[in-house]
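Asks: The primary structure of each chain is shown beneath.
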Amino acid sequence: MNINATLLAQLIMFALFVWFCMKFVWTPIVAALDERKKQIADGLADAERAKQDLELASRRSAEILREAKEKAGEIIGNSEKRASEIVEESKTQAKVEGERIIAGAKAEIDQEVFRAKEQLRTQVSSIALAGAGKILGREIDAKAHSDLLDKLVAEI
Amino acid sequence: MSSEMAHAATEVAHEAAHTSGEYIKHHLQNLTYGQLPDGSWGIAHSAAEAKAMGFWALNLDTFFMSLLLGGIIMFLFRRVATTIVTGAPGGLQNFCEWAIEFVDSSVRGSFTAKNNMVAPLALTIFFWVFMMNLMDLIPIDWVPLLMSSLGVPFFKVVPSTDPNATFGMAIGVFMLVVYYSVKMKGFGGFMGELTLQPFGKWGMPVNFLLEGVNLIAKPISLALRLFGNMYAGEMIFILIALMGGAWAGFSLGGVTLFGSQILLSLGWAIFHILIVTLQAFIFMTLTVVYMDMAHQEHH
Chain W
732 MNINATLLAQ
742 LIMFALFVWF
752 CMKFVWTPIV
762 AALDERKKQI
772 ADGLADAERA
782 KQDLELASRR
792 SAEILREAKE
802 KAGEIIGNSE
812 KRASEIVEES
822 KTQAKVEGER
832 IIAGAKAEID
842 QEVFRAKEQL
852 RTQVSSIALA
862 GAGKILGREI
872 DAKAHSDLLD
882 KLVAEI
Chain Y
359 MSSEMAHAAT
369 EVAHEAAHTS
379 GEYIKHHLQN
389 LTYGQLPDGS
399 WGIAHSAAEA
409 KAMGFWALNL
419 DTFFMSLLLG
429 GIIMFLFRRV
439 ATTIVTGAPG
449 GLQNFCEWAI
459 EFVDSSVRGS
469 FTAKNNMVAP
479 LALTIFFWVF
489 MMNLMDLIPI
499 DWVPLLMSSL
509 GVPFFKVVPS
519 TDPNATFGMA
529 IGVFMLVVYY
539 SVKMKGFGGF
549 MGELTLQPFG
559 KWGMPVNFLL
569 EGVNLIAKPI
579 SLALRLFGNM
589 YAGEMIFILI
599 ALMGGAWAGF
609 SLGGVTLFGS
619 QILLSLGWAI
629 FHILIVTLQA
639 FIFMTLTVVY
649 MDMAHQEHH
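Chains W and Y supply the protein sequences, listed in that same order.
In terms of our numbering, the first sequence opens at residue 732 and continues consecutively.
In terms of our numbering, the second sequence opens at residue 359 and continues consecutively.
Treat each hint with caution, since some may be false.
Unchecked claim - Derived pair list, reagent style DSS-like, types lysine-lysine, alpha-carbon separation capped at 25 Å: (1) Y:Lys576 / Y:Lys543; (2) Y:Lys541 / W:Lys754; (3) Y:Lys559 / Y:Lys541; (4) Y:Lys541 / Y:Lys576; (5) Y:Lys409 / W:Lys769; (6) W:Lys800 / W:Lys812; (7) W:Lys837 / W:Lys865; (8) W:Lys768 / W:Lys754; (9) W:Lys754 / Y:Lys559; (10) Y:Lys472 / W:Lys768; (11) Y:Lys576 / Y:Lys472; (12) W:Lys812 / W:Lys802.
As the list claims (entries may be wrong) - Which chain Y residues stay away from chain W? Per the calculated CB distances, all over 10 Å, these: (13) Gly449; (14) Ile578; (15) Ser618.
Treat the hints as calculated values from the structure; they're not laboratory data.
Backbone N, C-alpha and C fix where the C-beta goes; we use that ideal spot for every residue, glycine too.
Using the sequences and the hints, build the whole thing.
Replies: This is the structure we're talking about:
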C-alpha cells in the first residue's frame, strides 16, 4: 500500500503497451477490417449493378420478344394478304381464260355453222339442179348454168 | 536465501495461528523489493519493513502480474494481427475484431478530434485493466498459498488493488492530456485555459485555483476510482473468506459460517464480474473523454 517506484514501472509499461498496441495491433487489424468493409461494399455494389443489368436485359428481351411477335404478325398478315391476292388473281385469270375459251368455242361454232350453211347451200344447189334437171327432162349443162347456180347459191 | 526460506516456512506454519487481523494484513501486503534496514537489497518480510523502504522500492507482484497480463493481451492481439484474414474470421480473430470495434465505436462516440493514438490507448487500457481486475476472481488464498509454498512471503495477485498501478496509469493518461492540451492549443492557450476562465482576466488567481483543481482531479479520480473499487472488492472477499476460517469443528455455527462463505463468495464473485468490466470500461471512457477535452478549444 506504499507509493513507490512500482508507479514508475507501471507508467513505463503502460507507455510501452500503448505504443505496441498502436504500432503492431491496432493498425493491421483496423486495416484488415477496413479492407473487409470495402470488399463487402464492393460486393453489394456489384450485386446492385448485376440486378440493374438483369433488369435491363429482361426489359430488352421482353422488347425483342414483342418486336418478334409484331414482326411475325406482320408477316402472317402480309402472307394472308398475298394469298388472298393470289386467289383473287387466279380467279380473275380463270374467268378471263374461261371467257376466252367460251369466245373461242363460240367462234368455232360460228365457223361450223358457216361451213354447214355453205355445205348445205352447195348441197341445196346440187339438189335444185338435179330437181330442175329432172323437171326439164334433160341434162342441164352444169357448166353453162354454173354462173346462174352460183348466183342462186349466193341468194340462199 | 535460506533465511528467507525459513521465514516463509514459519509463515506457513503459523498460518493456522493467524488472527483475523494478521490474515487481512497478510493479504493486503505487496511483495516489495527494496533496501532493507541493514542496507542490503532484498524482499521486505513485513509491512513495516516495506514501508521503511521508501519510494525506491518495487512491488514485484504488481509489476510481474501487470506485465504478464498486459503481455498476454498484447500477445493475443498481436497473433491475430499477424494472421488476420479479410474473409470469414475464426474464433480468436472474431473476438479481437469485436473488441476493436467495441473500442472504436466508444472512441467515436466521445472523441471528436482526430488522433490515431486515442483508440489504441483506449483498447490497451480497457483490456489491461480488465485483465488486472479479473485476477480478483481467483480464490484469494490460492496464489498466496502457492507462493508461500515456493518461499515467497506475500503475493497480491490483483495489480489494480495496488495504488501504484492505478496511479501509474492515471499519471500516464494525465501526461498525455497535458501534452495534447499544449500541442493543440499551444502553451499560451493551455495556460489561458487554466487562468482566464471562468471569471475573466481579473479573477486570475481564483481561476487558476479552480482550473488547477479541475486538472489535477482528473488523474487522481481516475486512479482512486479504480483502486478504491478493486481494493474494496478484494477486502470483501477477504472478509467472506474469514467466515470459513472461523471453522472449529462440526458445530451449528461452524457449518452455518462455512455455508455462508460459499454462498457469499459465489454471490460476490458473480457481482464482481460486473464491477471488473465496469471499472475497466469507466477507466477507458474517462480517458477518452479527458483526451477529447484536451483536444477541444475552449473560448
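Asks: Honestly, which of those hints from before does the structure not fit?
Replies: The structure conflicts with hints 5, 7 and 9, although it agrees with all the remaining ones.
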